[in-house]
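Chain A is already provided as a structure; the job is to place chain B on it using the hints.
Protein chains in written order, with UniProt numbering: chain A, 1 to 400; chain B, 1 to 1064.
Simulated from the structure, these hints should not be mistaken for lab results.
Where hints are given, some of them may not hold.
To be verified - Straight-line Cα separation of at most 20 Å, EDC-like style, residue types lysine to aspartate or glutamate; simulated pairs:
#, chain 1, residue 1, chain 2, residue 2
1, B, Lys993, B, Asp983
2, A, Lys304, B, Asp660
3, B, Lys665, A, Asp290
4, A, Lys386, B, Glu12
5, B, Lys993, A, Asp92
6, B, Lys834, A, Glu382
7, A, Lys385, B, Glu942
To be verified - What the simulated footprint calls covered on chain B by chain A, stretch by stretch (three residues with Cβ under 8 Å from a Cβ of chain A suffice, anywhere in the stretch; the number is not a length):
#, segment
8, 510-519
9, 669-682
10, 978-990
11, 1040-1051
To be verified - Computed far set for chain B versus chain A, every beta-carbon distance over 10 Å:
#, residue
12, Val249
13, Asp434
14, Glu547
15, Ala577
16, Phe735
17, Ser742
18, Asp827
19, Phe933
20, Ser954
Treat the numbers as computed from the prediction; the structure is a model and nothing was measured.
Note that the Cβ used here is the ideal one computed from N, Cα and C, for glycine as well.
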Amino acid sequence: MDRQAYGGIFRLYNGIPIVAFNIIVLEDEEIEVIITKAICDGLRIAATLGFRSLCILSVSEFAVKVLNGIHKQPWACIPDMRDAKEIITNMDSCLIANKKREGNKPAEYISTKMDIQDKIHKSIKAKIKKKKNKLSLRMKGKKEKDNEAGGDLGIQHGSEGEDDPNNIKENMSIKAKEGKKKNKLSEKRRKNENEHKAGAEKLGSEGEDGSIDLKCSEVDNSEKPRKAGKREKSLSSMKSSESIEKISDGENEVYHVSSGDDDSSKGMKKWVMDYYQSRPGLTILHERIDEFIVAHEEQEEQAKIEREARVAEGGWTVVAHHKGRKKSTDAESGIAVGSVSQASVLDKMAKKKHKDVGLDFYRFQKREAQRTEVMMLQVKFEQHKKRIQQLRAARKFKPY
Amino acid sequence: MEGYGAKSESMELKLKELFKEVQLNYDSITLTNFIDETVSAIRDAIDTIPEDIKVGADIAPGFVRDVGADKVEFTFKKPNSIEIGGSYSTRSIAKPCTDVDVFVRMPKECFHEKDYLNHRYHAKRCLYLCVIKKYLSTSAGIKSIEWSTFLNEARKPVLVVYPVQELGELPGFFVRLIPTAPSMFNTLKLNLTRNNVRSLNQEKSAPQATPKYNGSILEDMFLEENMEFVRNVFFGWKELAEALILIKVWARHRGFIYAHDCFNGFLFSAVMSYLATDSGGKRINKSMKAMQIFRVTLDFIATSKLWEKGIPLQPQAQRSMLKEERMQYQQSFSILLFDSSGHHNLAFRITRSGFLELQEEATLTLNCINKCSDGGFEEAFMTKVDLPAKYDHHIRMNLKGNKEVSSSGFCLDNECWRMYEEKVRCLLDQGLGDRAKFIRVNWCRSSSHWNVEEGFSKFASDLLLVGILASSPETSFRLVDVGPSADKKDEAVKYRNFWGEKAELRRFKDGTIAESTLWECEQWERHVIIKRITEYVLLRHLHLSKENIVHAADQLDFSLFHGAGDPISFSGGLFVAFATLSKQLRSLKDIPLMVSSVQPLDSAFRFTSVFPPEPHPLADVKIVGRKSQKVTSTCVQPLEVMIQARHLILEGSGNWPMDDVAVEKTKSAFLLKIGESLQKSCGVACTASEEDVDVLMSGYAFRLKILHERGLGMLKKQVGNNRIKRITSKDKELFIRGQHSSMINGLQGRYPIYGPVVRLAKRWIASHLFSTSLGDEAVELLVAHLFLKPLPFYAPGSRITGFLRFLRLLSNFDWTFSPMIIDINSDLTEKDEKEITEKFLLSRKSFEGNVQHVEPAMYLATAYDTASEAWTLASPNTVELRRIMAYSRSSADFLTNLILQDQIESHGWERLFRTPLNNYDAIILLHNDKLPFPRRLLFRSEINQGRHIAQGDSSKEFHPCILSGDKCRGSEEMKNKLMVGFDPLRCFLEDLKREFPNKFKLWYDSLGGDTIGLTWVKPSSKKRAREEESEDIQNPIDVLRSAGELGKGFMRSIYLLKSPRHNS
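Looking at chain A on its own, in the form it has when it is part of the complex (with noise of 0.2 Å):
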């Protein structure tokens, strides 16, 4: 009876969804270990996506720090977490935090209501296709399998979807992603506009908190360019060019932003956060730092292996000058390179007397000389008189 599932759904850094996902759960795991599986699929997706930057959010504290590295994986998710470390590494900017549940309302419904695995893969390909963003995109991956949750709604869905269940639910998924879809593959635009903004609604209906109502409104103004012909817009940039005349009623109306002390992804206490996140204490940073040199120089050995490699290969020698202690002798071929930094020649050349026969010398030099001075001079005066212009321009020569 009780259907497990588990999903979750990416949004533009401006929080406008784009994919969501969702898979049921077979095996019988613990809940956090599930949640930790939920995220690696969703870095799977990212990655097939080829999303260059990330911040996730999870309700699970204990999936947060397996995935920092904090806690230690449970055994259940080693391979998932072998392919999630990768992506992670591969990525421009990951960040995962952690936020709670009650601001999460789009994820849950993702993971409850909507099931349809195969669909979501084709959707994912078709916008693999068109996807041309390099933009950083915020994953705002909402993973959750909450037994108990997860029961009530399933016993709701029961009733509701007696007869089909199957097919309303996949009608409305469809309408969802089409929506969605539609923000990026432009063609089909004007004709699922209605579908689109229910779409939409449907997703936003699910939110009770500001931001979700922000995205919502988002979405809507977006319509307006289009109608008017406005150039297509790129999936990353959702964006309108709206000019202000032509506000909706709504948006007369002033905005509220709530304080967000339950919302760590954005404002004060996303800071606060962030203060006391970046000063774990000296140890934990020591390691940090240990690491760090540890692959620094693992990275440099790489770099003179393959140097070598290069230099076995052609039969060459390369000389290079190197910095820090002057050596007589190449380490590992043992052929002497005598190398003199530039700055003592530059001052051994400067100590060398001048020899040479002053410019003075023939008379014509010095009538030369002189000649240039005075062009020197007139040039000067020009220079002057352009200079006074430019003030003149600039009226400083009002004294009062």
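Relative to the frame of chain A, chain B by itself:
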């Protein structure tokens, strides 16, 4: 030599331009015709006045009463002649004062031979003008007639006539009618020893001489003759007239020179005539250029010893004077300049202090000419040296309705206002002693719409202004003034009389017992001592109420206060803490580093931080245990400290990493080690993030940084190869900051006023939301320039003056065409300066076509940074700079008015720091109770315009104060609550910049303001960029809403004032 030639050439060109601005075109026929017609119209009108009108006191009863004249009846006769005189006749009018003087020679028949007595002459003179005025005002060609005074002497009114016709060249043109009375009286009767004001005589005592009164009459008698003399010298001598114009421009910039008790245009022309004739040794000759004549004249004024002996315009008159007579002159007047007749001292009005001032200014200007880069042109002719900028302290006295001023009549030998000026000056002089270098008192007449019939009472409504030049801070901030010793009875009594209850008998360390006055106060309020003294003295000796005296000294201090006092008082503790820290750092044994030096970087260590941190009870080991009673703040401001250290193993081995990231990581590893070690050995707390390591010690948080000299070398090479690719490594940055810090520290030691001025300047910059544009270090350098190159002033001696000059410097400096060279330890050689100029020209050359966008817009060259790369490379850009300049100009004008004029509203001074919010496209207001230091906020910002876009709740996650409830918990937990260097404003700004790059520009106050200003960034003009941009255009409201989202819990409300303009 070459340099000199170029300099003088450029000077010639500049002067030429200046003359174009101020000279009148005397060759223009329209102009001469216009003036001739106007004067002849006046002449004709006066000609129509019927003869034999009986004139009595009833025409101007107020004047006759106040001047104290008895028999004034006469019969009107037409003037003997009406001639153009003054500067128009010598072709030396300097615009914008384009008035023409016309001498009206009064006929002898109207006066009795004894009319020189008891102001009868003055009264009749006035009545004569009244008649003329009456008839002129009916004339068709005349628009209006007003009364004015001759050189600020109330008993000698003149008529100012505005013609109906106007000439575009001469806006506001008017003719001054000045009555003259050649050979009216016997000059012997007006000898300086004679008494001619009988009311001055007391019974049974010898009649008191009235030299000033006599001079006032003699002046009228010889006016035409002297003018004739000057005119003869000036006739056909173009350079001399030009030099006179230069002097006039120069003097007008120094308003207090062009005053009644100092010089005027005529006196200058007389001095120049003297120098150009035989009697003056022909020091000015025909081969000289205007600038040379200018210099010679100033030099004569500044250095000549003849001023006290007497300068004769005519040599023969000089010879005839007896020695005794001259002695008498010297006693009566401070300066002697005998006119061509030899009977009259042209300089009879000039006071000693006025003349000293003139000499000072002349000396300073000569200095400018010799020392300044462009031959002193800017300083001499373009810079305003007015009372607020020149003097360190300014007192403004409102004497309206004060009976004391004219208690013994308005006019005796001297006029009552002049006597009162002298009285105030003497009082202040005695009260301040050597604290003041120079005191100048001036009761100038604004002379707007005076009516002679009403008498003199109206003059009291003008403000009396005092300027005080403070001597060195050690003297002027002294706490105790030692008076005469107790043994000297007479002097002690005098001292007691002067000081009243303030005087006390004290025993000093050296054993002397003396009368003294003690001005006890905190260290940080010592600059108020002068104000306290002046107020005490003036209130004690003059019948004034306190609100009628305004002494500008501490009015801006409110902006620096944190709570009730100035936080600069915490500096002492800070230095002790720093000394302990550096000692401990050096003595660390268990680290592989040799700490060679510890240098403070933060501005709090050089007294230039607006808010030096208070010691925080939770950051101190000793105090943490105790229960502190005060509510303390959550945030601690970290103070950066630079450590120069050598690694014992790595240094020699060559294993030191080579790339930037690795170096930084290695350095932070060392810092962590240092932190741990400190924690172990001294028990101080240490908290660290990946970038910063903070040590909490004696209530302060020190942020440690390591300078690695190797890093500097790495950088230099890169810069050498490619100038455009400016890589500033962390080490270079640290190095420069270290250099800057020690230089400013040295400067601060030389000029104690420097610190407060910088703090005011920084506060001003921040409160007008320029924190992003002008860095703290740049402000420090700008203020340093005021102190290092003060000409044409002395280095500022008070914070208000310094601040005013800072504002003026910012707005007047020619940023586009000149580099500002700040040579703190005077270690720049001529070669260096040349190099700087070349670099500067190079930086400007690439933008030659487009003056609008030069970079850096503000070129600040110092010994450690000749290319201006350290502080002003990226900001301010030209647009920002223009904005800053506009703001500083209006603030400077406002501050000038605050000093000079009675305020309309009491909050005037605060307005200097209140920024107008309507100059931004959008405004984000913040919750002030979520600012890290809410007490630093000057005013809570409110806005009542634009569209209210969003509103936000305040977060409960962060409190700037640690609440008393939290106190009960353990000290460890309390310590964890401390946030070192946490600044939500900065976080918010970073988030905004990251989320909306190139969307808008942010203006904010880093010192704790609650406002962020937004201006939309215009889409760049390049076509491709625009294409990209147009895809990125968003509804401004949405942008602002999502911007608000980013500031959840911190943002109070958002207003949209202007939407961005799109050209798509």
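So, going through the hints one by one against the coordinates:
no.	hint	in the structure
1	B:Lys993 / B:Asp983	holds, 16 Å
2	A:Lys304 / B:Asp660	holds, 18 Å
3	B:Lys665 / A:Asp290	holds, 9 Å
4	A:Lys386 / B:Glu12	holds, 14 Å
5	B:Lys993 / A:Asp92	holds, 18 Å
6	B:Lys834 / A:Glu382	holds, 19 Å
7	A:Lys385 / B:Glu942	violated, 50 Å
8	510-519	violated (count 0)
9	669-682	holds (count 5)
10	978-990	holds (count 5)
11	1040-1051	holds (count 10)
12	Val249	violated, 5 Å
13	Asp434	holds, 36 Å
14	Glu547	holds, 33 Å
15	Ala577	holds, 21 Å
16	Phe735	holds, 18 Å
17	Ser742	holds, 26 Å
18	Asp827	holds, 22 Å
19	Phe933	holds, 16 Å
20	Ser954	violated, 6 Å
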